[in-house]
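Protein chains: 2
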Amino acid sequence: MSSGKHLAKGSPKPALPDDGVPRLYSMRFCPYAERAHLALNAKKVPHHSIYVNLTEKPEWLVDVSPLLKVPALHLVAEKDQPSLIESLIIVEYLDEKYPQNPLLPKDPLQRAQDKILVERFTAVTSAFFKTVLHGAKVDDLWPAIDTFETELAKRGTPYFGGDKPGYVDYMIWPWFERLSVLQFVLKEAYNFDKQRYAKISAWIDLLTKDEVVQSFFATPEQHVEYFRSRSAGNTNYDLLA
Amino acid sequence: MSSGKHLAKGSPKPALPDDGVPRLYSMRFCPYAERAHLALNAKKVPHHSIYVNLTEKPEWLVDVSPLLKVPALHLVAEKDQPSLIESLIIVEYLDEKYPQNPLLPKDPLQRAQDKILVERFTAVTSAFFKTVLHGAKVDDLWPAIDTFETELAKRGTPYFGGDKPGYVDYMIWPWFERLSVLQFVLKEAYNFDKQRYAKISAWIDLLTKDEVVQSFFATPEQHVEYFRSRSAGNTNYDLLA
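Protein chains in written order, with the numbering used here: chain A, 1 to 241; chain B, 1 to 241.
Misleading hints may appear alongside valid ones.
If several chains are the same, the list does not tell them apart, and a pair holds so long as it fits within one copy or across any two.
What the hints assert, rightly or not - Pairs of lysine-lysine, DSS-like flavour, derived with a Cα cap of 27 Å: (1) Lys106 x Lys187; (2) Lys187 x Lys164; (3) Lys79 x Lys199; (4) Lys199 x Lys43.
Just so you know, these hints were derived from the structure itself, not from any lab.
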């Protein structure tokens, strides 16, 4: 229910059918927004996606996301039509509200352990951003990924979620989808070691073929092209529109 | 089940009864650890508290908190005796595992809204730390507290949790308990405005008298004394022991 075009300052508020389904305000290349898309698609929750230009935000964004953040999930069927923000909170809400295809385990201890793992992934995202945005050395990144290699070996399953992808898989995936950007930035210094990350490498191959991941996938080349346009100060939000 | 003394480098691992109850590794003046204490006490979950000197950490801490963090909840009755970290994850775990005296609402939307509010409290904690630890101006702090004044007015109840304290109340409380430290640092520049924060002021008075808060309370003077010792490079962990 979207052309995929990013609505900018001056654009009219999009006309959407009065069907009561949630509306996800998003940006096509935002890894945090991707988490919400993956959860919605994994659970097959009908929704509308509205893409927003984050450089020149539309004036009406404040009505649906008071802090002007994406992802924001606008719940038009609920009293006062509230919006939810923060990718992990949105995903947990969806998992509780729509029981089909559960993402988090039911057991309180396993739930907590999965949440801690995703919290620990912050070490990866911050090393990733420091490298691609500020040219920092990549040294912090590889030890942070070791945690996930070790955990996958310990769980002894192809996915963190077991025999199919779950909460941890989809919450950390967006950054693995963007490894090409790291390679582009680092050039010869890029040293993702497929032996050191044997389990994670097999997991990347599986996730790349996963139906849910494919429902919101951009190729390595597309991520690089988006990043290149952004670095040049002329962000091509509509690359996939 | 604790003398309240903080165990330091060189101290033997504490001998605790083999009773299977959770063990909370903590530091008496850490506001994040306080969150876990408040949740355990609100839900009346039997537990042991073990206090740790964070300047000179005991060698055995790594066995019960591999990242050397507090709070850490060591679940000795569970398979492989795992430890949970991250205050909010620990509290959600306790709320799911022990249904008595629930802290979070059951409704998925209300749960998400409470979690977003606590996430937004990060603006308060970061302004607070910037001021007390780095002498930053306090300008960021008061607007961040406005969010909570407005929300309490909107809810129309004495507590964020309704007619009694709940998740939001206990998760944000530790920083309000420490307002005296801000006053100590800022001196005449301290300008907590009781009219601007009329609802929050009434809420502070109520929380101060709350049984759960009182179960883990330090006075304004004690918080200042702790802060003073820490600033002087001679942290008095055992001030209340």
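Each hint, compared with the structure:
no., hint, verdict
1, Lys106 x Lys187, "neither (43 Å within a copy, 50 Å between copies)"
2, Lys187 x Lys164, "neither (34 Å within a copy, 58 Å between copies)"
3, Lys79 x Lys199, "between (46 Å within a copy, 24 Å between copies)"
4, Lys199 x Lys43, "within (26 Å within a copy, 40 Å between copies)"
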